[in-house]
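Q: Each chain, letter by letter, is given below.
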Amino acid sequence: MPSTSTFIKRCAMAAIVVASTAFAAGGDASGPAPAFTLTSLAGQPSGLNAYKGQVVMVNFWATWCGPCQQEMPLLDQMYKKYKPAGFTLIGVNVDKEAPAVKQLLERKPVSFPVLLDPANQVSKAYHVDEMPSSVIIDRKGQIRYIHRGYKPGDENDYQDRIRQLIRE
Amino acid sequence: MIAALLLIRSTSADVLPDNRADVFYSKYSGGGMDITGYSATARAKITENFAVEANYFIDKVSGASVDILSQASVMKDERKQKSGTIEYLHDKTTYTASYMSSVERDYISDTASFALSQDMFGDLTTVSLAFANTKNKVGENNGTANDPNVAWLGHSLTRAYSGGVSQIITKNFIAGVNLQVITDAGLLANPYRSIRFLDGSTRGYGLGSQVYPETHTSTAVQVQGKYYLPYRAAVTALYRYYTDTFGVIGNTYEIDYTHPVRNRWIFEGRVRYYKQNSATFYSDLYPFAGSQNFTARDQNLAAQDNTTIGAKVTYAFLPDGWKFFKRGTVTLDASRIRFNYRDFRDIKDFGVPAYSPGAEPLYQFNANIFQAFVSMYF
Amino acid sequence: MLMSGAVLGTLLLSSACSIQPWVKPYERDRLADPIMAWDRDAISSAYLDHVRESREGSRGATGGAGGGCGCN
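Chains A, B and C, in that order, are what the protein sequence lines are. Following our numbering, the numbering of the first sequence begins with 1 at its first residue and continues without gaps. Following our numbering, the numbering of the second sequence begins with 169 at its first residue and continues without gaps. Following our numbering, the numbering of the third sequence begins with 547 at its first residue and continues without gaps.
I should point out that these hints are in silico values taken from the structure, not numbers from a laboratory. No experiment lies behind these values; they were computed from the predicted model shown. Virtual Cβ for every residue (Gly too), placed ideally from N, Cα, C. Honestly, I wouldn't trust all of these hints.
Here are the computed lysine to any residue pairs in the SDA-like style, where the Cα-Cα straight-line distance is at most 20 Å [to be verified]: (1) A/K108 / B/R495; (2) A/K96 / B/K213; (3) B/K494 / A/L105; (4) B/K303 / C/D585; (5) B/K213 / B/D278; (6) B/K195 / B/R504; (7) A/K80 / A/Q70.
Here are the simulated distance ranges between beta carbons [unchecked claim]: (8) A/L74 / B/G322: 53 to 61 Å; (9) B/F493 / A/T39: 29 to 37 Å; (10) A/S111 / B/Y263: 56 to 64 Å; (11) A/S111 / C/W568: 32 to 40 Å.
Start from the sequences and build out the full structure, keeping to the hints where you can.
A: The structure is reproduced here in structure tokens:
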């Protein structure tokens, strides 16, 4: 059993480390991307397996999340630009109810596939700890980069990472 | 003449709030006073991390409160208030700086304040700290409303220190606690209020000036909780405990219920109960002149309780926006407050006394407060 | 005094340092609902506070922070 002062020191350091990593918007990550199958708004099942061999970005978003809405049009542009080079963007929506998602996408449509995760199983599997979160997966199915949150200008970061992985 | 403490009411340290402009109208009537207020506010994000807000408020007072009624002088005054705020968001911290200036013919107040708000522990906890410094210049109009003659009597300085913690308890429930310590120093008494003391005259009492201590420190603690009801509604409960060096202890209890209907309407109802005892040096009628070092007969320091019932309706006339506006709403808010005083008496007849001093009925009155505002989000 | 209180509070909270947030960011839909904001219309609440402070002996500790979607 460590003494009280060591315990406090360790906890203070852990808090600082946790706090500082929580502040970092993006970090290199590793490990195989957990497989998943979800349904689209139209009711068609789809998942990560459908895009084997491509660079995939899984973007977790919600209708009630402001920054998520902000980045959607930019993600759409990015998707159209890099799709021919073997890139796919999957929008995983975490809303509990589908009607709000349908309404939003009718008003502001996107061309990338949107899958629904109302039970939050996929969000849990990917340890989503910030909204929005974008997980970039390489051609071999390994997670390479996790970007937390969104601030204008982050799309440049996404593009750099995607280009890097496309070239591999 | 009302202390203009800038309230940095609510902040969210994750993203800066949406751009918004409001045009506001208010009407207070009660206790012989009618106060009409007009205001315009606008806030905009300059960058994703930096926002500014500006507010202009004008209050027009007409009528006379019961204290002034007893000295038969009608009041007509205007108060103009301007404020500017800048907000800066960096990572999980929001920094806010504000300046407010309030000007009346006989009272000038300037406040500078700073606040800091930090999200932590997975954004479940928000810690806030704030400091405000107010300088007041107190005067008295010895003329009339239309022909004023203001004599400047002195100054006072107010410092407010606040801290708050807000905690998300479950996905349906958020709770918070606020603490605020306020200290004032200088000329603290309202020059228009007079004390009265028995003096054997025909009327039975004579009038004198209030004498307040030169310093005053107060502490208030508020606990509050907000819960999301399964059918999409919210209920809020709060309790505030107040104590100060004048001996006043105040307890506030409030419950609010908010009920939205789809994307268009939000209905809200509130009930509030407030009770306080009187300040130690307060008296409605002193036994003789000079009986105490400190004296007060200001309604604010009397033993009182009041009950408020309020209702608010917000209608989104532009629920999904129009051109560059994201949303437009119109809100009406009406409150009715019943005030009951336990040791402040209603002295209406100045001159021929209808009651012997100290036997006048205890003062009670109703106040109606109406607000209407249009809010545009962009 | 308030500063040291806040620092102490933070350290005490840190002593439970390995606790993961129990409400995940994707579970904040209700908290992000505008009806769950402490104060939807600051201009209106500030006005009511002002009316009360001019009639009552109490002042202070009103308002609230935090909540919301926790995005970013």
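Q: Now look at each hint and say whether the structure bears it out.
A: Checked hints:
1. Of the supplied pair hints, the one linking A/K108 and B/R495 holds, its CA atoms being roughly 16 Å apart against a limit of 20 Å.
2. Between the alpha carbons of A/K96 and B/K213 the distance comes to roughly 30 Å, so the proposed pair goes past 20 Å and is violated.
3. With a C-alpha separation of about 16 Å, the suggested pairing of B/K494 with A/L105 holds against the 20 Å cut-off.
4. For the proposed pair B/K303 and C/D585, the alpha carbon gap of about 28 Å is over 20 Å, so the pair is violated.
5. For the suggested pair B/K213 and B/D278, the alpha carbons sit about 25 Å apart, so the restraint of at most 20 Å is broken.
6. Taking the CA atoms of B/K195 and B/R504, the gap is about 12 Å. The hint holds against a cut of 20 Å.
7. Taking the CA atoms of A/K80 and A/Q70, the gap is near 17 Å; set against the 20 Å cutoff, the hint holds.
8. Judged by the Cβ atoms, the range 53 to 61 Å given for A/L74 and B/G322 holds: they are separated by roughly 59 Å.
9. A beta carbon spacing of about 35 Å between B/F493 and A/T39 agrees with the range 29 to 37 Å that was offered as a hint.
10. A hinted range of 56 to 64 Å for the beta carbons of A/S111 and B/Y263 is inconsistent with their spacing of about 40 Å.
11. A/S111 and C/W568 have their C-beta atoms about 37 Å apart, which keeps the hinted 32 to 40 Å range intact.
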